[in-house]
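Make the complex out of the two chains shown on their own, each in a separate frame, by following the hints.
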Amino acid sequence: MAKASITFEDINVTVSAPAGTRIIEISEKVGSAITYGCREGDCGTCIMKVSEGWNNLSEPSVLEDKILRENMAGKHNRLACQAQVLGGKISVKPV
Amino acid sequence: MSKPILSNSAGTLQAVALSERVHWIGVLDPNLRTFDIILKTANGTTYNSYLVRGSEGVAIIDTVKEAFAADFFTRLESVARYDEIKVIVLNHLEPDHSGALPELMRRAPQARLYISQKAQSMLKALLKQDALEFTPVLTGDTVSLGDRTLSFLHTPYLHWPDTQCTHLIEEKILFSGDVFGCHFCDTRLFNDQVGDFRFSFEYYYAHIMRPFKAFVNTALNLIEPLLPLQQILPAHGPMLRDQPQRYVQRYRELSRSALESDIGADEKTLLIFYISSYGNTRRMAEAIYEGAMSIEKVRVSLYDLEGGEIAPFVDLIEGADGLVFGTPTINGDAVKPIWDLLSSLAVVNLKSKLGGVFGSYGWTGEGVKMVEDRLRGLKLRVPIPGIRIKLIPTDEEIYLCREFGLELAQELLGLRTAKVIDLADLG
Ligand code: FES
Ligand SMILES: [Fe+2]
Ligand SMILES: [Fe+2]
Numbered sequence: 020m021a022k023a024s025i026t027f028e029d030i031n032v033t034v035s036a037p038a039g040t041r042i043i044e045i046s047e048k049v050g051s052a053i054t055y056g057c058r059e060g061d062c063g064t065c066i067m068k069v070s071e072g073w074n075n076l077s078e079p080s081v082l083e084d085k086i087l088r089e090n091m092a093g094k095h096n097r098l099a100c101q102a103q104v105l106g107g108k109i110s111v112k113p114v
Numbered sequence: 438m439s440k441p442i443l444s445n446s447a448g449t450l451q452a453v454a455l456s457e458r459v460h461w462i463g464v465l466d467p468n469l470r471t472f473d474i475i476l477k478t479a480n481g482t483t484y485n486s487y488l489v490r491g492s493e494g495v496a497i498i499d500t501v502k503e504a505f506a507a508d509f510f511t512r513l514e515s516v517a518r519y520d521e522i523k524v525i526v527l528n529h530l531e532p533d534h535s536g537a538l539p540e541l542m543r544r545a546p547q548a549r550l551y552i553s554q555k556a557q558s559m560l561k562a563l564l565k566q567d568a569l570e571f572t573p574v575l576t577g578d579t580v581s582l583g584d585r586t587l588s589f590l591h592t593p594y595l596h597w598p599d600t601q602c603t604h605l606i607e608e609k610i611l612f613s614g615d616v617f618g619c620h621f622c623d624t625r626l627f628n629d630q631v632g633d634f635r636f637s638f639e640y641y642y643a644h645i646m647r648p649f650k651a652f653v654n655t656a657l658n659l660i661e662p663l664l665p666l667q668q669i670l671p672a673h674g675p676m677l678r679d680q681p682q683r684y685v686q687r688y689r690e691l692s693r694s695a696l697e698s699d700i701g702a703d704e705k706t707l708l709i710f711y712i713s714s715y716g717n718t719r720r721m722a723e724a725i726y727e728g729a730m731s732i733e734k735v736r737v738s739l740y741d742l743e744g745g746e747i748a749p750f751v752d753l754i755e756g757a758d759g760l761v762f763g764t765p766t767i768n769g770d771a772v773k774p775i776w777d778l779l780s781s782l783a784v785v786n787l788k789s790k791l792g793g794v795f796g797s798y799g800w801t802g803e804g805v806k807m808v809e810d811r812l813r814g815l816k817l818r819v820p821i822p823g824i825r826i827k828l829i830p831t832d833e834e835i836y837l838c839r840e841f842g843l844e845l846a847q848e849l850l851g852l853r854t855a856k857v858i859d860l861a862d863l864g
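Protein chains in written order, with our numbering: chain A, 20 to 114; chain Z, 438 to 864.
Don't read these hints as lab results, they were simulated from the structure.
The reader is advised that the hints may include incorrect statements.
[Stated by the list, open to error] Heads up, simulated DSS-like pairs for lysine-lysine below, C-alpha to C-alpha not over 25 Å straight-line:
(1) Z:Lys816 with A:Lys112
(2) Z:Lys856 with A:Lys48
(3) A:Lys22 with Z:Lys856
(4) A:Lys108 with Z:Lys856
(5) A:Lys112 with Z:Lys788
(6) A:Lys112 with Z:Lys806
(7) Z:Lys806 with A:Lys48
(8) A:Lys112 with Z:Lys705
(9) A:Lys94 with Z:Lys788
(10) Z:Lys561 with A:Lys48
(11) A:Lys112 with Z:Lys650
(12) Z:Lys561 with A:Lys94
(13) Z:Lys609 with A:Lys68
(14) A:Lys68 with Z:Lys816
(15) Z:Lys773 with Z:Lys705
(16) A:Lys68 with Z:Lys856
(17) A:Lys94 with A:Lys68
(18) A:Lys68 with Z:Lys650
(19) Z:Lys650 with A:Lys85
(20) A:Lys48 with Z:Lys650
(21) Z:Lys816 with A:Lys94
(22) A:Lys112 with Z:Lys773
[What the hints assert, rightly or not] Ranges between beta-carbon positions, derived for each pair:
(23) Z:Glu540 with A:Gly56: 41 to 47 Å
(24) A:Ala21 with Z:Thr471: 22 to 28 Å
(25) A:His95 with Z:Tyr519: 41 to 47 Å
(26) A:His95 with Z:Asn654: 38 to 44 Å
(27) A:Asp84 with Z:Pro665: 42 to 48 Å
(28) A:Ser80 with Z:Gln682: 45 to 51 Å
Model, not experiment: these values are computed from the prediction.
Think of the CB as a built atom: it goes at the ideal place given N, C-alpha and C, for glycine as much as any other residue.
The following block holds chain Z by itself, in its conformation from the complex (with noise of 0.2 Å):
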């Protein structure tokens, strides 16, 4: 197959055909090294924008980021006229693909706008206008353009609340907003002939979808079912016209995890994550872990943040049911590996884990409270207050550490019994 033409002689920019009804109408950034401040990308991105012809009227399915607006619009105005497009289509409303959406309608303030049910609130707080007016959608739900038909599935977290895919029933064409796209740029735009990008194509999963594994899945049993499609044709970098159906394989193959664990499914796992300078911390860590191991049904291991590297403390936390950390409070904070490691997991479930925290210090221990609210903060449940102990700890404060250990083993199979406090006594 020959190159696909992005421009006429003219230099005027074209819409590509990728069939007899379908055009990509998108842009190229390929001077983008950075999205989102956390993805990287080596050859810039696309923001593809389609547009679909119909007996009765034009669909336009997502639009560009704002900066990229003249040459949507241009390449628009190559297959269609404004007053043509009845329908506009949002999968996604983070402003990479929602930029160009007021301006378009304006220019076609006949056409209806469709939004997931959950876009919602979204849209108002991202467009800062009151007036626009929509249809939301949910799973299952169709909007006819004569003889083509686009039907609704809402993929929650797949990258925001609000995601969904656009289906185009006749042609077996999945519009799938930033599911199966990766930040890559190649002006051959179609997965066959472009340049090597599977490993863009994994990173994108890595760090947008696989904090959300499960949605992952759910979404996934919408979309297989609909298999085998013509093409998936995502957000960003190459459209999936060749064997599309291997990238929803690969999906479902990511979602899953990669050797089942040997732990049994009535025990629970407590992870303690330490970093000592003199040695106190790790006393501490050491009887927590001894505390902790004295229950049965649990499984604890013991690691010093100094011999480890990130990525694999990652991928055990994510399959981990309770996490300890240990931090000594130097100048007024935890120190550097403890922050690296949590800000490090973002990208990993953490929702409803046990978290605990402990630490020596010298002169103040706010390190411990500064690693509790940070757990908070990642959804993690942390019931039982942290322990701080100054300096060296004393065989006192030694057994308190081993009681920790113990109560956090009981509380992750539940066997901690309720407390009863009143307000006041909090203070």
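So here's chain A without its partners, still in its complex pose (with noise of 0.2 Å):
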């Protein structure tokens, strides 16, 4: 199976999961600091700064993009509780 390898900058920590995993479901494992309130999408509470890597994370749904306007996002964010990585290098943190 694909994997991807994502770095979460805030504790160091670099793990290598399937294609496919939400970040949510790695960052909770290991610790990182990004924060999750309603867990699908609908909240902005787990806003990150994609530092490295955006093309390799799944496309933000019509639903993510709206979230993201909403809560000022920039063009580096993304929500963590929505985003699959999908294969090569990422690197994240929380904002």
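This is the structure in structure tokens:
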């Protein structure tokens, strides 16, 4: 199975995870400080910054785009409860 | 100056003139004792709402808590008709200011609502209503009322992400929302006439604004260039018409630290707090302290929670880079002094500070995990898994504690080597 390698910069931990895994599942296990609220893409609590590998994540849905816009998120931000890792290298941190 | 007249001879509530074109149409809530669960007030509060009359229409700045809507509408009707209202501004969407909004919009359907960009998603959630039309505004956006102009200043986190202030340019009046406000209720309404309310002003700052000091400073950068202002009109408490700049200055003072720290800019601080019943958690704490002390450029301090009050510890924590908590697990939980300290930290910004937890236990050690989760909830990063030791620590376990201290200190300086793991190994 294809694997992605995702680094949580705040705790300096890199995890190798199968393609399709949502970032929320990985970050909670390793204890990154990205925090979650609704866990389903509705509240914007889990906004994180993607510093590397933007294109190695699943595309944001229309709903995610809307929540990002409403929270005035920058162009490097995604919802950690929505974004899935697809492969390659990714680097993220809490905002 | 004479006392403001709040109602006419027939007992009907009246608006209070603040200038020829500006009126207070707020309400008094003298019976409130607790606000938002955490704030106390010994004489209630006010929900201040304001009306501005321009040559081409009327603007309402903020409304009141829903239960007080009737008083608000009566005061409004004493100075304007609903069909004259062209603009409604909400500086802040918390229900104490947005409560009467839906009814106001029903009575003045032609009015346009102006809220901050960040308020958009909240508006829907708060009012449970989709069809509300509004214009989102940013710092520098203006709305004309003919010979009067409103200009907006986005001041996020004072008190919610959505908060803004509104400047009435021609009159040098700032409608400041929760900023410069306090929960204080006095029928004399103005800062030069009410009883001494300084304690209330300071208390409000300490609980509402202090966690967002950095945002207070940014907001003041927008507000100070507007000085001298004729009046600052907050959403709660006395209206500041006498030397309003003093309150701006006070916010600036409060948002700086009191005494410059002696700790160098290239150094990091690590605080270890513990509580121990049989001395086991204390022995762990001492070993962690020793381990961390072996790293230069990290100033480590060790504190027994039994010997301190919470408030000074909160100040200490606000300025620290790393925090370590030691707690025994008793009856399946961390102990109360730890939770008391953690629950007092909502008033300071903890984001991205380093956190760590340790403790001894008899049967089960879930206290450590619970405190770790709480630290993450408080936005600390907890990169090094905590240590739990059953009863009396062995020499080997004491060694582990030293390593834990050392690693925490290294982490603070960015010296820890990166860790690579496979998701499957995490279980
Ligand atoms: S947790 Fe609510 S949007 Fe992700
Ligand atoms: Fe508020
Ligand atoms: Fe308020």
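Quick rundown of the hints versus the structure:
1. This hinted pair checks out: Z:Lys816 and A:Lys112 have alpha carbons roughly 12 Å apart, not beyond 25 Å.
2. Our distance criterion of 25 Å between C-alpha atoms is met by Z:Lys856 and A:Lys48, whose separation comes to about 14 Å.
3. Taken as a hint, the A:Lys22 and Z:Lys856 pair is honoured in the structure, with Cα atoms around 17 Å apart against an allowance of 25 Å.
4. For the suggested pair A:Lys108 and Z:Lys856, the alpha carbons sit about 15 Å apart, so the restraint of at most 25 Å is met.
5. In summary, the hint linking A:Lys112 to Z:Lys788 is supported, as the alpha carbons are separated by about 12 Å, within the 25 Å threshold.
6. Distance check on the hinted pair: A:Lys112 and Z:Lys806 sit about 22 Å apart at the alpha-carbon level, within 25 Å; holds.
7. In summary, the hint linking Z:Lys806 to A:Lys48 is supported, as the alpha carbons are separated by about 13 Å, within the 25 Å threshold.
8. Only pairs whose Cα atoms come within 25 Å are accepted, and A:Lys112 paired with Z:Lys705 is accepted, the gap being roughly 21 Å.
9. Our distance criterion of 25 Å between C-alpha atoms is met by A:Lys94 and Z:Lys788, whose separation comes to about 22 Å.
10. Restraint check for Z:Lys561 and A:Lys48: not satisfied, since their Cα atoms lie roughly 33 Å apart, outside the 25 Å limit.
11. Distance restraint check for A:Lys112 and Z:Lys650: the Cα-Cα separation of roughly 23 Å lies within the 25 Å cut-off, and the hinted pair is therefore satisfied.
12. For the given pair, Z:Lys561 sits about 24 Å from A:Lys94 by alpha-carbon distance, which is consistent with the 25 Å threshold.
13. Restraint check: the Cα-Cα separation between Z:Lys609 and A:Lys68 comes to about 40 Å, which exceeds 25 Å; the hinted pair is violated.
14. Simply put, A:Lys68 and Z:Lys816 have alpha-carbon atoms about 15 Å apart, close enough for the 25 Å limit, and the pair holds.
15. Under the criterion of a C-alpha separation no larger than 25 Å, the hint pairing Z:Lys773 with Z:Lys705 is inconsistent with the structure, at around 28 Å.
16. With a C-alpha separation of about 20 Å, the suggested pair A:Lys68 and Z:Lys856 falls inside the 25 Å cut-off, and the hint holds.
17. With a CA separation close to 9 Å, the supplied pair A:Lys94 and A:Lys68 stays within the 25 Å bound.
18. Among the hinted pairs, A:Lys68 with Z:Lys650 is consistent with the structure: their alpha-carbon atoms are about 23 Å apart, no more than 25 Å.
19. Annotation: proposed proximity of Z:Lys650 to A:Lys85 is violated, straight-line Cα distance about 30 Å (limit 25 Å).
20. Distance hint between A:Lys48 and Z:Lys650 is unfulfilled; the C-alpha atoms sit about 32 Å from each other, more than 25 Å.
21. Taking the CA atoms of Z:Lys816 and A:Lys94, the gap is near 22 Å; set against the 25 Å cutoff, the hint holds.
22. In summary, the hint linking A:Lys112 to Z:Lys773 is not supported, as the alpha carbons are separated by about 32 Å, beyond the 25 Å threshold.
23. Our hint of 41 to 47 Å for Z:Glu540 and A:Gly56 is violated, since their Cβ atoms are close to 30 Å apart.
24. Roughly 55 Å separates the CB atoms of A:Ala21 and Z:Thr471, a value that falls outside the hinted 22 to 28 Å.
25. Distance hint check for A:His95 and Z:Tyr519: the Cβ-Cβ separation is about 46 Å, which falls inside the suggested range of 41 to 47 Å.
26. Here the CB-CB span from A:His95 to Z:Asn654 is close to 25 Å, at odds with the stated 38 to 44 Å.
27. Hint check: A:Asp84 to Z:Pro665, Cβ distance near 45 Å, so the stated range 42 to 48 Å holds.
28. Judged by the Cβ atoms, the range 45 to 51 Å given for A:Ser80 and Z:Gln682 holds: they are separated by roughly 49 Å.
The structure does not agree with the numbered hints 10, 13, 15, 19, 20, 22, 23, 24 and 26 stated previously, though it agrees with the rest.
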